[in-house]
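A.B. asks: Letter by letter, the chains look like this.
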Amino acid sequence: MTTLAQKLIADAAGRENVAVGDVVVCHVSLAMIHDSGGPRRVKPILEKLNRKVWDAERVVVVTDHYVPVFDDQTRAIQKLTRDWVYDQEIKNFYEEQGICHVVVPENGHIVPGMFCVGGDSHSPTGGAFGAYMFGVGATEMAGVLATGEIWVKVPKTIMIEWRNSLSPLVTAKDMMLKTCRSIGLGGGRYQAIQYAGQAVYNLSMQERMTMSNMAAELGAQAGLIAPDEITAGYIKNAGGRLPEDWQSYRIETHDADGEALRFDAASLAPQIAAPHSPANADDAEAFRNIPLDIAYIGACTGAKYVDLKAAATVLSGRSVAKGVTLKVAPASLLDQKQAEADGTMQILEEAGAQFLPTSCGICAGYGTDRLLEDQVCLSSTARNFRGRMGAANSKVYLASPYTVAASAITGEMTDPRHLMEG
Amino acid sequence: MGRLWKFEETIDTDVLAPGPYMNSPLSELARHCLEAVRPEFATSVKVGDVLLVGEDMGVGSSREQAAEVLKYLGIQAVVATSFAGIFYRNAINLGLPVFVLPSYLADFPQLKDGAQVSVDFDGAKLKLIDFDKDINLEPLPNFLRDLVADGGLVPHLEKRFAVS
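Read top to bottom, the protein sequences are chains D and A.
Take any residue in the first sequence, count from 1 to its spot, add 41: that is its number in the working numbering.
Take any residue in the second sequence, count from 1 to its spot, add 270: that is its number in the working numbering.
In the EDC-like style, the derived pairs of lysine to aspartate or glutamate whose C-alpha atoms are separated by at most 16 Å in a straight line are:
| id | chain 1 | residue 1 | chain 2 | residue 2 |
| --- | --- | --- | --- | --- |
| 1 | A | K382 | A | D400 |
| 2 | D | K84 | A | E428 |
| 3 | D | K48 | D | D296 |
| 4 | A | K429 | D | E88 |
| 5 | A | K276 | A | E310 |
| 6 | A | K276 | A | D383 |
| 7 | D | K93 | A | E428 |
| 8 | D | K84 | D | D128 |
| 9 | D | K89 | A | E428 |
| 10 | D | K368 | D | E390 |
| 11 | D | K197 | D | E300 |
| 12 | D | K363 | D | E391 |
By construction, these hints were calculated from the structure, which means they are not laboratory data.
Pulled out of the complex, with its shape left as it was, chain A reads as follows (with noise of 0.2 Å):
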């Protein structure tokens, strides 16, 4: 369980990801990832807990520090109406859960920023804890359903190099 971050604003790379600590460890890049549209992100988000995005998550550049900051920083899964595909290859490469919301963000009230929810990872499902109500997602196809259950790209090719 943790708490839904809604951005009702377009996320890109670089909001995620600032270049001025591109060349920072992971840990120091993390504390500003998203700091241009919300500052206390960072700082307050807590492992479980859920982004919800509109259209175009994660837009712009191809640095996978966007999606990697949001795994380090626990992030459970990202739902959005619609993802940038550079940003959604990168995050299932990483073992970041992504889910698109087939519907638009306005056909659901209850999706507030704060709300408390979790994700059925194997039923493609947002769990609103606090009204007791699934929203359906769209399920990922099954081989990159695969690639994330293994953890990413990485443990996927140690599978099959057989690297123990």
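Isolated chain D, as found in the complex (with noise of 0.2 Å):
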């Protein structure tokens, strides 16, 4: 019986079959790249080798870390880039237009069957589609453009099942904080998850992403997602090129020894995750009366549209708590226009929202926009390890959307329930 995570192994090996353990080298069908660990790092590497990237084609340049420039060495690192692009004939080329995890899929670059590669540890948001990606460094990435091949070790599939559908206001961010608390942030061990369960295909493609993009948070190499008919209609809508034999790689199969996982999304509660892990989550309520100073909504996890339009559904009405600031850092310039051709943005802004640049902005740290010591954060983000947003001594929690914007109404962690129904 073979996997999914096998199948698409198997195919980009050449491959009839492969088994669990078997260490193979896999053609790559894409690789992304991004202006921190991209042309910067790949180019002299590449130099070196005297080589140009194997096909120009399968490559994919995305500018969203140093998003906007603020010094010389950014400006230096965006002009290298820009640079490296043209002299390499890189058509897919995405300047400054949101986040390479949310902007390429939009795009139509990732469709079912796919083996892809990215510079960044949230490559495997390109699961939710049914290809096989993971992220790699910068060494390993020049390796692949050189080449066109990186060898992988077949991955055991752990099997997380959602059964029954999510309540009103609790999105795939709580399934995936929850699953942080149970399985660990090395639960993933590094093999291939994949989710599955009514209340996973119950979600939209931008949801069924913030799943596989947390996959790197529980230290999974992939997190994939059988392709299904929401996936296909998401692929053709980008303008995608969905192939004739994607429904092949609607499997379901579990790993010989079963492992798998099973959560009852009906019975989930809103969560939230304490400094400094992801796996520090429980029930927002287990955190009500702490005050918080920022509310975040960003990142490719936490700020596409329907993350936008999460946070408007209980911002509408409403205003900002005295004493919080509410940044909103749309994942992508799609995603942000989308949300002020309906609307959402206007909300979010009465609301008392301020807007940063589409790009990785406080999430990765490396702008001008930082935490400050002791201050209190509620991001909708992946990551809050130690100091990654700031100050060593800032306090990052973690929550979806809805409870960030709850909470910035009431200016402390909040169950959105409370808000809404109470």
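From these two lone chains plus the hints, build me the complex, please.
C.D. replies: Put into structure tokens, the structure is as follows:
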């Protein structure tokens, strides 16, 4: 019996089938890089090897980390990125359009059956489309760009099944924080996670991307979801080329030992993860009365169109509490435009939100905006490691956009259901 | 021979290579390595020192500078009870030896912070000098051992492409 991960890897390795533990060399269908780990790091290596990229059509470059530029160093990084892209004749170049994990699928680049690598740890996001996608460092990426190949050890599949349906105001993000708590940051053991169950297939494509994105937090190599009509619809809408055999990747086969974790979506409450680990999650209710300074809706994990829309549902007709700053950095320009077109951005603005550029922003900790000592931030992002978003003593809590928005209104950690239903 | 730096807490990529210094040269980035958890590390670490960490060493981002700064600072090898996948691959690709300690840290009370140690790369052993004791580590699979022995992926590919 072949799992989805095994089929994807076997296809990329040009083999009939592969077994867990086999080490195989795969042909890469798409390599995604960004301005931080990309050209500035791979260019010197490719020069040393006297190689150009193996196939310019299969490379996508996105600038999102040092966006906006703020000094000569960051300006130089963007110039180098641009010059290299032109020199390598790479046509898929998205400059300051938003975060790579969102921009690349939004432009139809990821479809079922692909084998992709990304120069960023949140690259498992692509697994939401029934593609095998994982993150690598810059040297390994340079190797991929030089050869079009990469080795993988065929992973086990850890099936994570979410039965039944989520309650209102509970999201994919809550499902992931709950999973982080249950199995811990290393629980993915660098194997392939596959999400399944009714609650997963009920999710929109962008919410599924949140699930796959946070496979990184579980320490999995990939976070797969078998493609269905929602996947196909999204890809067609994004202008992508859906392969004729896409249904052949609709595989939910368990590993030989049937490793699976089962959760009940219906009984899941909104989650909050305390500093400094996503695994420190608990029901939001457990954190009530903790005041916050910053409410942040940002990043590939937490500021896509559906996330902005969720925040607006809560913020509509309400305003941010005194003493709290609500910052919103939409994940992509496309998401921002969509949210402008239907009035979502206006709702956020009227509630008192400040808008930041569509880039990795505070989440990556690369820019000028950062948290101060002892500041408490409730964030819709994926990661709350010590010092990542600013000062070492800043405290980052993680939650869904609903929960971040509700807490911004009350000024303390709040289960959004209390605000909306209470 | 070197000093053992033992970390009880989870060591993520962001404390190894902090975001605010990611646009700086490696030498500057290295000065801030681990400062959030052990401020004296970057200034006191010496060539030949060994890092000992528990679970999920290098969890977090894909930034390979997290492994690169350790190599830059002269770390001889990183030993951990488990590694985050991307960090593990990055370390190998950069020629930084990484070894899994197939046990719990608590099983080896002699493995104290500051202990004198050396690493037997080929034999996959951590040698405790003061106790004249060898601790077995998980050997690297052959193809990864070759990669590290070549000095990492780039020298390995140079061989393959026969770049002299």
